[in-house]
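Protein chains: 2
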Amino acid sequence: MPGQFLPFSADEYARRLAKVRQAMALQEIDLLFIEDPSNMAWVTGYDGWSFYVHQGVLVFHDADPLWWGRSQDAHGAVRTVWMQDDCVAWYPDHYVQSTMCHPMELLAAIIRDRGYGDKRVGVEQENYYFTAKAFLTLQQELPDAILADATGLVNWQRLIKSDDEIAYMRKAARISEKIIDGIVEHIEPGARKADLVAEIYANAVRGIDDDWGDYPAIVPLLPSGSDAAAPHLTWDGRVFEPGVATFFEIAGCYRRYHTPFCRTVFLGTPPDYLLSAEAALIEGLQAGLEAAVPGNTAADIARALAIPLENAGIDRAERAGYAIGLSYPPDWGERTVSIRNDDLTILEPGMTFHFMPGLWMHDWGLEITESILIRESGPAECLCDRPRKLFVKN
Amino acid sequence: MPGQFLPFSADEYARRLAKVRQAMALQEIDLLFIEDPSNMAWVTGYDGWSFYVHQGVLVFHDADPLWWGRSQDAHGAVRTVWMQDDCVAWYPDHYVQSTMCHPMELLAAIIRDRGYGDKRVGVEQENYYFTAKAFLTLQQELPDAILADATGLVNWQRLIKSDDEIAYMRKAARISEKIIDGIVEHIEPGARKADLVAEIYANAVRGIDDDWGDYPAIVPLLPSGSDAAAPHLTWDGRVFEPGVATFFEIAGCYRRYHTPFCRTVFLGTPPDYLLSAEAALIEGLQAGLEAAVPGNTAADIARALAIPLENAGIDRAERAGYAIGLSYPPDWGERTVSIRNDDLTILEPGMTFHFMPGLWMHDWGLEITESILIRESGPAECLCDRPRKLFVKN
Chain B
6 MPGQFLPFSA DEYARRLAKV RQAMALQEID LLFIEDPSNM AWVTGYDGWS
56 FYVHQGVLVF HDADPLWWGR SQDAHGAVRT VWMQDDCVAW YPDHYVQSTM
106 CHPMELLAAI IRDRGYGDKR VGVEQENYYF TAKAFLTLQQ ELPDAILADA
156 TGLVNWQRLI KSDDEIAYMR KAARISEKII DGIVEHIEPG ARKADLVAEI
206 YANAVRGIDD DWGDYPAIVP LLPSGSDAAA PHLTWDGRVF EPGVATFFEI
256 AGCYRRYHTP FCRTVFLGTP PDYLLSAEAA LIEGLQAGLE AAVPGNTAAD
306 IARALAIPLE NAGIDRAERA GYAIGLSYPP DWGERTVSIR NDDLTILEPG
356 MTFHFMPGLW MHDWGLEITE SILIRESGPA ECLCDRPRKL FVKN
Chain Z
6 MPGQFLPFSA DEYARRLAKV RQAMALQEID LLFIEDPSNM AWVTGYDGWS
56 FYVHQGVLVF HDADPLWWGR SQDAHGAVRT VWMQDDCVAW YPDHYVQSTM
106 CHPMELLAAI IRDRGYGDKR VGVEQENYYF TAKAFLTLQQ ELPDAILADA
156 TGLVNWQRLI KSDDEIAYMR KAARISEKII DGIVEHIEPG ARKADLVAEI
206 YANAVRGIDD DWGDYPAIVP LLPSGSDAAA PHLTWDGRVF EPGVATFFEI
256 AGCYRRYHTP FCRTVFLGTP PDYLLSAEAA LIEGLQAGLE AAVPGNTAAD
306 IARALAIPLE NAGIDRAERA GYAIGLSYPP DWGERTVSIR NDDLTILEPG
356 MTFHFMPGLW MHDWGLEITE SILIRESGPA ECLCDRPRKL FVKN
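These protein sequence lines are chains B and Z, in that order.
So the number in our numbering is just where the residue sits in the first sequence, counting from 1, plus 5.
So the number in our numbering is just where the residue sits in the second sequence, counting from 1, plus 5.
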């Protein structure tokens, strides 16, 4: 029986499947195996924390997709995918993390049985969870097949969001705002970081009214002072100090759709260098938003951002954002478009990005970001609605 | 400057490095590249949510390990590893998630520069994050090297815990107990799952007194009723219903060390089949604990567990546990020993496991588990101290 609590309509899944098949045809792929949990969920609805073992979805041109995974997770698949139960296949538990056998041996048997043993089979070579060993095992078990690299094939189909997806990202944006409001309210000198993180999680998970919060694909990041030079440090039990800036990198998440949002809070009177950086960054964000119009490229956003920053003597080499939407750990990005000088993807209405020009300098950091939606015309819309500034609390 | 907030002493890291080098020598590996974030942290202390991009540690026989990763994460590395700053190397940001270049091209250059271009280089073929593409790129860039499979090489060195590690797991156990206490206190018919998850996170993250809680490698799992047949479903906004069982699979985490702990709560009067299963499961757990003595094998625990379950007509094919300790998402297991019939690993004092005989039946589920420590003699010690039973709340 198909899942009773699917996030999207049958039409929406049909639309997605058609797009994937079209991309497969363009790349002359006869059969596609996707192991990226985000792609699995986007195509089938599957939702569960089971991606720490091998699993995936086979996409056929002429039949419904086949969910494939560990025996016990097949129970979760029949409850969450839109396909009928005979589109759920499983492997026995003793294949899990075994040194004697590998689940891909059994996937290869399915591929052979279905008649694709000598066909072009697409696999996501550059993806979490599809390991080198998985690839080598498939290669060994399918000597007559061509294992074509289909990295990103599904991800690129996800780039332009449907109205239903945008509605979910707006719900996630409300949650992001609530998280940031809670941070600004509760942060103070002497407060323990771990206690503030408890507040962040509570707001993230309770959500807003009936719109409960799902787990974000990245945990809250909140380094302070000189540690804010390092963007990916997590929390500890130390307290917030006066005279120090802390950035907060968070995302509200609604049914796996993320709307990341970052703000920085200074406790006390900020130093001049931080105020100058704030001014340049806000000017750069505004310039970037104005460049984020259909027909321009992702690189145009990056270039517009860079000018005010360079004028302020800030040379940042990092990318300034990435496509966002449905995701699972360890990354809430879609891993397609990057907002940077060499990405010439043409912007289209319905694309969504985390416009994320974090400043990670030698011994300080500043994050003020926006999740944006490319509109039919005019500058991008910011999905969250909170002051675009360095928050100062005395 | 080495990290100022390292979780372990220099001696502890020296012990670990010596063990890894010994294992490398046994497998005739000249140079080891580890990308598993748990292994990276265990060897170097590195801690950060940066594993969504390629990074890793090179382990040499005759020099300190080299941390390697994305430019911005090098800031996090110099703050968290025990090595000097010249043991931190980085690649430029435009290699991140690029379709034009791959970070492994630059890692290969380092390997060649250090004189290992024609040597036996160990890589973790079966590991999250070391992708098929990473392997193929290294293979192409290092045509004269032998890329030996070193999957699990470091993981196996982690199996027997030091006293310091066990002390951390005891702290995590206190946090696990606090989480379960909070669940039993707050669950009631009509309460929203998402709200209870907010409580779970708050307890997990606040920790106990100075022992703040780190993020567990798996989010809380709490399926109810028939959905409890599916072990890896996460929460939603529905409410707890009377007359239904919900299992809670959680772990306290202290500085990345996990002590998983699962209990099931029934709201109302449990049906007979659940009480029979509870009795058999508790008998099986007790039998397993008594079999968990030095000199016995992991399989002995599984077999001791199985007898009372089979007597009660419960035939479970899944593994009944796994090694635990330091971990990062997506799995809090160490991915070495499994408690199952075909695992003949001999138990030794200091090993730690999540003894996890979850029952996931056709339309119900029951989880009562223990995280255990193998002692010098006698049955294993349970790290958490809460009643081993189905909790019933009327």
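These are computed hints drawn from the structure, not numbers from a lab.
Please note that the accuracy of each hint is not assured.
The list makes no distinction among identical chains, and a pair is therefore deemed to hold if it is satisfied within one copy or across any two copies.
Pairs of lysine to aspartate or glutamate residues, derived as EDC-like cross-links and limited to a Cα-Cα distance of at most 20 angstroms, are as follows [what the hints assert, rightly or not]:
1. Lys183 x Asp241
2. Lys183 x Asp215
3. Lys138 x Asp154
4. Lys124 x Glu288
5. Lys138 x Glu17
6. Lys138 x Asp336
7. Lys183 x Glu110
8. Lys398 x Glu246
9. Lys183 x Asp200
10. Lys394 x Asp168
11. Lys398 x Glu33
Status of the hints after comparison with the structure:
{"no.": "1", "hint": "Lys183 x Asp241", "result": "between (22 angstroms within a copy, 19 angstroms between copies)"}
{"no.": "2", "hint": "Lys183 x Asp215", "result": "within (14 angstroms within a copy, 28 angstroms between copies)"}
{"no.": "3", "hint": "Lys138 x Asp154", "result": "both (15 angstroms within a copy, 9 angstroms between copies)"}
{"no.": "4", "hint": "Lys124 x Glu288", "result": "neither (53 angstroms within a copy, 52 angstroms between copies)"}
{"no.": "5", "hint": "Lys138 x Glu17", "result": "neither (34 angstroms within a copy, 31 angstroms between copies)"}
{"no.": "6", "hint": "Lys138 x Asp336", "result": "between (22 angstroms within a copy, 18 angstroms between copies)"}
{"no.": "7", "hint": "Lys183 x Glu110", "result": "neither (47 angstroms within a copy, 43 angstroms between copies)"}
{"no.": "8", "hint": "Lys398 x Glu246", "result": "within (12 angstroms within a copy, 44 angstroms between copies)"}
{"no.": "9", "hint": "Lys183 x Asp200", "result": "both (17 angstroms within a copy, 15 angstroms between copies)"}
{"no.": "10", "hint": "Lys394 x Asp168", "result": "neither (30 angstroms within a copy, 47 angstroms between copies)"}
{"no.": "11", "hint": "Lys398 x Glu33", "result": "neither (58 angstroms within a copy, 58 angstroms between copies)"}
In this structure, the earlier hints numbered 4, 5, 7, 10, 11 are contradicted, and the remaining ones agree with it.
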